[in-house]
Amino acid sequence: MKFFPFRKQRQSVDVPVRDCRFVVLDTELTGLNERKDSIVSIGAVRMLGFRIDLSDTFNRLVRPETALSRESILIHGITPSELDNQPAIRSVLSDFSGFCAGHILVGYCVAIDMAFLNKQLKSALGGSLQNPVADIYRLYEWLRNRRDRQDIGSKRLPALSGAGLYEMARLFDIPFTAGHDALADAFITAQIFQRILYMLSHEGILNSKELLNIADPYKAED
1 MKFFPFRKQR
11 QSVDVPVRDC
21 RFVVLDTELT
31 GLNERKDSIV
41 SIGAVRMLGF
51 RIDLSDTFNR
61 LVRPETALSR
71 ESILIHGITP
81 SELDNQPAIR
91 SVLSDFSGFC
101 AGHILVGYCV
111 AIDMAFLNKQ
121 LKSALGGSLQ
131 NPVADIYRLY
141 EWLRNRRDRQ
151 DIGSKRLPAL
161 SGAGLYEMAR
171 LFDIPFTAGH
181 DALADAFITA
191 QIFQRILYML
201 SHEGILNSKE
211 LLNIADPYKA
221 ED
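Residue numbers (this note's numbering): 1 to 222.
What the hints contain is simulated information worked out from the structure, not anything from laboratory work.
Be aware that a few hints might be false.
As the list claims (entries may be wrong) - Computed list of lysine-lysine pairs in DSS-like fashion (alpha-carbon distance at most 30 Å, straight line): (1) 155 - 219; (2) 36 - 155; (3) 219 - 209.
As the list claims (entries may be wrong) - Distance windows between CB atoms, simulated: (4) 111 - 54: 23 to 29 Å; (5) 80 - 209: 21 to 27 Å; (6) 157 - 220: 18 to 24 Å; (7) 31 - 162: 16 to 22 Å; (8) 204 - 88: 41 to 47 Å.
Heads up, the beta-carbon is just placed ideally off N, CA and C, and yes, glycines get one too.
Make the full structure from the sequences, and use the hints.
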């Protein structure tokens, strides 16, 4: 029986943030309907604590299980002809599961990515990613609300208007090129996460347990 790394990853983690291993990920999709849409590409970068490691990234196109819509092509710019000869999702997800093994997964509104990843993992390989998950949107909102309560004037963070990842990138002065690309967006997300980790350290959030208590997208809001 082949061993798939995603099957035995759920664990209680409580280590210093500086020693945490993260995989910051992004997916591109045929659409946002979880029942009928599917993954087109997966991009990810690794981090060790506060350091982004661009020497070891994951970037794969996938032959999708459902047709690309015109709307999705306009968003990510990937056309059907580019995907005809790409691997099926099974082999890509098997490789991605290995890439993620032992890491905390990080993303922007990452519950959407995780829903598609785990839906297709269950269908293709009979499993799901059991890694701890951190959402940078939740981390940002926690910091914003905390600073509002502290009444520290100019250090307050603005409310997000709903414009997504690129709006947050602008707030942190992170350069980007408009147009969705999974690996490029994962790198943008990693840079935002890096800045947020430094901000959290000044708020006393120094270990993975405290971090995930704030960032877990499946945890009910306090």
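Structure versus earlier hints - violations, ascending order: 2 and 5
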